[in-house]
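Q: Position chains D and P relative to chain V; hints supplied.
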Amino acid sequence: MIAEIGHFCLVLALLVAAVQTILPALGAHWREPRLMAMAEPAALTQLALLALAFLALMHAYVTSDFSVANTWENSHTLKPMLYKISGVWGNHEGSMLLWVLILALFGAAVAQFGRNLPASLKANVLAVQASIAFGFLLFIVATSNPFARLDPAPLEGRGLNPILQDPALAFHPPFLYAGYVGFSMAFSFAVAALIEGRIDSAWARWVRPWTLAAWMCLTIGIAMGSWWAYYELGWGGWWFWDPVENASFMPWLAGTALLHSAVVMEKREALKIWTILLAILTFSLSLMGTFLVRSGILSSVHAFAVDPKRGVFILGLLFIYIGGALSLYSLRAGQLRQGGIFSPISREGSLVLNNILLATATGTVLVGTLYPLALEALTGAKISVGAPYFNMTFGPLMVPLLLAVPFGPLLAWKRGDLAAAMERLLAAIAAATVAAALALAFFIRGPWLAPLGIALGVWVIAGTLCELAFRVKFLRAPWSEVYRRLANLPRASYGGTLAHAGLGLMVLGIVGTTAWQSEKILTLRPGEHVDIAGYSLEFKGTLPSQGPNYSEISGVLAVSRQGRPVTELTPSKRLYETPRQSTTEAGIHVSWRGDLYTVLGDGQADGSYAIRLYFNPLVRFIWLGAILMFLGGGLSLSDRRLRVGAPRRAPTAVPAE
Amino acid sequence: MHHWHKGLCLVVALALASLVFAGFGPAVAIEPDEILQDAALESRARQISADLRCLVCQNQSIDDSSASLAKDLRVLVRQRLSEGDSDADVRAFVVARYGEFVLLRPPLSLRTILLWATPFLLLAFIAQAILRKLNAAKRETGGVAGLTADEQKRLDTILKRDA
Amino acid sequence: MQDEAPARRMSTQAATGSRPTELAARSAVEPAVGPAAASARTAGLLPLMIFAAIAGLFAFALMRPGDPSKIPSALIGRAAPPLTLAALEGVIEKGQPVPGLTPADVARGSPVIVNFWASWCIPCVDEHPVLVALKARTGATIYGINHKDQSANARRFLARYGNPFAAIGTDGNGRAAIDWGVYGMPETFIVDGAGIIVFKHVGPLTPHIVETAILPALEKAKRQR
Numbered sequence: 001m002i003a004e005i006g007h008f009c010l011v012l013a014l015l016v017a018a019v020q021t022i023l024p025a026l027g028a029h030w031r032e033p034r035l036m037a038m039a040e041p042a043a044l045t046q047l048a049l050l051a052l053a054f055l056a057l058m059h060a061y062v063t064s065d066f067s068v069a070n071t072w073e074n075s076h077t078l079k080p081m082l083y084k085i086s087g088v089w090g091n092h093e094g095s096m097l098l099w100v101l102i103l104a105l106f107g108a109a110v111a112q113f114g115r116n117l118p119a120s121l122k123a124n125v126l127a128v129q130a131s132i133a134f135g136f137l138l139f140i141v142a143t144s145n146p147f148a149r150l151d152p153a154p155l156e157g158r159g160l161n162p163i164l165q166d167p168a169l170a171f172h173p174p175f176l177y178a179g180y181v182g183f184s185m186a187f188s189f190a191v192a193a194l195i196e197g198r199i200d201s202a203w204a205r206w207v208r209p210w211t212l213a214a215w216m217c218l219t220i221g222i223a224m225g226s227w228w229a230y231y232e233l234g235w236g237g238w239w240f241w242d243p244v245e246n247a248s249f250m251p252w253l254a255g256t257a258l259l260h261s262a263v264v265m266e267k268r269e270a271l272k273i274w275t276i277l278l279a280i281l282t283f284s285l286s287l288m289g290t291f292l293v294r295s296g297i298l299s300s301v302h303a304f305a306v307d308p309k310r311g312v313f314i315l316g317l318l319f320i321y322i323g324g325a326l327s328l329y330s331l332r333a334g335q336l337r338q339g340g341i342f343s344p345i346s347r348e349g350s351l352v353l354n355n356i357l358l359a360t361a362t363g364t365v366l367v368g369t370l371y372p373l374a375l376e377a378l379t380g381a382k383i384s385v386g387a388p389y390f391n392m393t394f395g396p397l398m399v400p401l402l403l404a405v406p407f408g409p410l411l412a413w414k415r416g417d418l419a420a421a422m423e424r425l426l427a428a429i430a431a432a433t434v435a436a437a438l439a440l441a442f443f444i445r446g447p448w449l450a451p452l453g454i455a456l457g458v459w460v461i462a463g464t465l466c467e468l469a470f471r472v473k474f475l476r477a478p479w480s481e482v483y484r485r486l487a488n489l490p491r492a493s494y495g496g497t498l499a500h501a502g503l504g505l506m507v508l509g510i511v512g513t514t515a516w517q518s519e520k521i522l523t524l525r526p527g528e529h530v531d532i533a534g535y536s537l538e539f540k541g542t543l544p545s546q547g548p549n550y551s552e553i554s555g556v557l558a559v560s561r562q563g564r565p566v567t568e569l570t571p572s573k574r575l576y577e578t579p580r581q582s583t584t585e586a587g588i589h590v591s592w593r594g595d596l597y598t599v600l601g602d603g604q605a606d607g608s609y610a611i612r613l614y615f616n617p618l619v620r621f622i623w624l625g626a627i628l629m630f631l632g633g634g635l636s637l638s639d640r641r642l643r644v645g646a647p648r649r650a651p652t653a654v655p656a657e
Numbered sequence: 001m002h003h004w005h006k007g008l009c010l011v012v013a014l015a016l017a018s019l020v021f022a023g024f025g026p027a028v029a030i031e032p033d034e035i036l037q038d039a040a041l042e043s044r045a046r047q048i049s050a051d052l053r054c055l056v057c058q059n060q061s062i063d064d065s066s067a068s069l070a071k072d073l074r075v076l077v078r079q080r081l082s083e084g085d086s087d088a089d090v091r092a093f094v095v096a097r098y099g100e101f102v103l104l105r106p107p108l109s110l111r112t113i114l115l116w117a118t119p120f121l122l123l124a125f126i127a128q129a130i131l132r133k134l135n136a137a138k139r140e141t142g143g144v145a146g147l148t149a150d151e152q153k154r155l156d157t158i159l160k161r162d163a
Numbered sequence: 001m002q003d004e005a006p007a008r009r010m011s012t013q014a015a016t017g018s019r020p021t022e023l024a025a026r027s028a029v030e031p032a033v034g035p036a037a038a039s040a041r042t043a044g045l046l047p048l049m050i051f052a053a054i055a056g057l058f059a060f061a062l063m064r065p066g067d068p069s070k071i072p073s074a075l076i077g078r079a080a081p082p083l084t085l086a087a088l089e090g091v092i093e094k095g096q097p098v099p100g101l102t103p104a105d106v107a108r109g110s111p112v113i114v115n116f117w118a119s120w121c122i123p124c125v126d127e128h129p130v131l132v133a134l135k136a137r138t139g140a141t142i143y144g145i146n147h148k149d150q151s152a153n154a155r156r157f158l159a160r161y162g163n164p165f166a167a168i169g170t171d172g173n174g175r176a177a178i179d180w181g182v183y184g185m186p187e188t189f190i191v192d193g194a195g196i197i198v199f200k201h202v203g204p205l206t207p208h209i210v211e212t213a214i215l216p217a218l219e220k221a222k223r224q225r
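Sequences listed follow chains V, D and P, in order. Just so you know, this note's numbering puts 314 at position 314 of the first sequence, and the rest follows in order with no gaps. Just so you know, this note's numbering puts 61 at position 61 of the second sequence, and the rest follows in order with no gaps. Just so you know, this note's numbering puts 213 at position 213 of the third sequence, and the rest follows in order with no gaps.
Only chain V is shown next, with the shape it has when bound in the complex (with noise of 0.2 Å):
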């Protein structure tokens, strides 16, 4: 009964879709209060919606209701409570409900929190997220429909793939949807601009809190599924390249770069067609990210369950999209002027150079992700393009943007001064060359080029710390003035100091586990030692014990340090029943230099086990620099100065320096 209830609301908020789509429209257009004012409830109504039909899936999932097919088929009473929660956006048909339940909460987070919006912008907007909203639960209700029954309904699911059953992969998906679907809010305000003719700097302002929600979500949801692959894939591995991995990273990129240019736009009144027309690249990226995943064109570690009806239907949708999208655009922005100028050594500057790296950077990993279909297609000729290439490419266009990243803040807006702003960095030059050089004093026989990637990351930490300094006239005023200054700085400018550090941070991670990670991979009877990176462990033997819906068998070692005991580490190897499948479990010490990372390999014949060793160091550098990233998007967001609906300040009240 549930199900059907759940069912009906999905058929129902598809015609509420429909109508919000329309209507509001219709009202813009007309010029008609009554139709436009449509819009509100109806977003309401389709989260409302939308969210019971969440919650019948759900309540099937904890009920273990296997009389639906979806349940039977990914999940098992044995399971956890948390993954049988979890479960619900595990699979295809359940995820997908969940990306149009997003939708709707950000439709109807607009209604609610818009209010300083043009009526006629508000309708419009309204109306584009409806449409998407609509194509989509199409989609649903013609070829996913995650409420079908099964008659008799089975006594037992088949499960949830075990190497989904964890913490960080539980939260990840909703992450990442509320990153790609949260760009549709920038998507629907450039169409609806463009429909309106209308491109402003208040624009800029209405979008940017939109895009950094979801830009904070998309950063949090892919470093948790870099960490889950870091300590579930058994290797350290943490990122791989893989065309999944690249349409979340796609978006990504250009949404950072949305970021950026609205700042222009807000201010400047400059680069408006531009960021209009990143804008709607960026939630295209999004989109094609999830044809990419579910048509199966592509084959890749994570892909869903590959139906090729799906695949067409989902172009389709493209098709309407971003074409429309695209065409309105062509249409348009010949007619939108540019606004004001500056000189190339200036904030905006520094911004425009950030939107071109991070273009390219994002266009090299579009290239490179379809290359071989393109190939294949023209040619015949089957090629691979795998990580070596993207780190070769990828690379190179980050290394002017890290250099670049400090100079933007400390230049000012029209025009700047680079001796200046290189005077106020000499604190960072400095660190970066001590970082350097200490680099290569201490690991005199790495890669030569780690040190500078160490000096790349410390300078951009380093000159985003000057920055701020110089902002409270750090050593230049008396103390008082400095609390002053710093209790009086915006906090959406500790936000950007605090994300461009965990850039830096990230750096030092990527560089430092990359660059001088340390193996052993060996077979330990009972009893043995081993040395790694300063680290002596003690194998003690194996351990078997039983999980809730698994068998474990972990090996225990004994881990210190200049002969003090540091820790035991209890690599492990589970045997799932339902499905029947085995995973490993690192055995990971953390500390400031690095991870000690331990997997249990399999038994020997004469009783010893293959164990492999890792010290990965700086490697949580990697996801701590993501954290900060994502804590200064919140703090940017609480900025008074950024919050929807906040009265507006005179529009010359640009930041002082």
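Think of the hints as simulated: they come from the structure by calculation, not from any bench. Among these hints, one or two may not hold up.
What the hints assert, rightly or not - A short, non-exhaustive set of chain V residues, derived as facing chain D with CB atoms under 7 Å:
hint	residue
1	Asp242
2	Gly363
3	Thr364
4	Pro388
5	Thr523
As the structure is a computational prediction, the values presented were derived from the model and not from experiment. For glycine and all other residues, C-beta sits at the position ideal for the given N, C-alpha and C.
A: Coordinates of chains D and P only, in the frame set by chain V:
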């Protein structure tokens, strides 16, 4: 504007990152008994393995995969290196049997020239497109760089008043 | 170009809306003229054209026949790698032990079929009757290469499903499979009388594949001699 970033950074960048990021993957699948005694040979084997695609698992290198074919290929790579093959010989040996599809880093050829040129072409094209737009804005506004028409008017008023 | 209505609508909106009119007016849609506008229009079309190309690519990818994970063999048209493989002990056919494989077994003037199989390979169970039927029907020479298998299991497999193979080589360490560019079980090759690989099929043979691909390829290989 065309020169201020490219000249400065690009050369450094290319040199820097290609080495920092190139090919140091850790390995999951490699078994203790596969590892060569000779550290130099082993490290060459690792580099080669990281660039060879595991055909049964899709999008993983043989260095990362625990598939049985990946293991066989890892053993083969080490065996050939031990017999004195160069890195290029080993790659050619595998390519002769499995085709260029196994190379995760596609070699530069007529087929892949566009792929490898992509970053450069995109950089040039996007930079050119954005800068042209900005120049167009400059021409439209026509005023002194940095001042909007409005500000120019205000400035004129002030100057007149002072005169 | 576009009429001026949006611009007018915009300025009324700006008054009721949120921005000072003068700011909004600066960025309003204005009819653009001259060659600059024409080039702007083409520039505006570019993203749409790129998208169209990508969408076309996606459509191709959805329509393309076959399994995208299958890769073509690099060995078609090349000499078959030499085979020196020990026999699978204890397989007796018509009172004679079935021999192993030597390089002389290919390039004997008539085409041969080379089949990689294993008893642990589940699709091989489906495939095996097709091979047996093929042998019975055409009398073609079929060599089996038993890949990474336990001899006892392999013998039991043949005893149960029949032995279509004129010779069986054991590939205990998987080197023969690598030499032949094999990446999955089962795979089937056709080698012509001159020892050139002319055909390869990845995955289990079915009666349909035999009819539409194996027999024609075999015929063609025969005619060339």
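Q: Does each hint fit the structure? Answer for all of them.
A: Here's how the hints hold up against the structure:
| no. | hint | in the structure |
| --- | --- | --- |
| 1 | Asp242 | holds (5 Å) |
| 2 | Gly363 | holds (4 Å) |
| 3 | Thr364 | holds (5 Å) |
| 4 | Pro388 | holds (4 Å) |
| 5 | Thr523 | holds (5 Å) |
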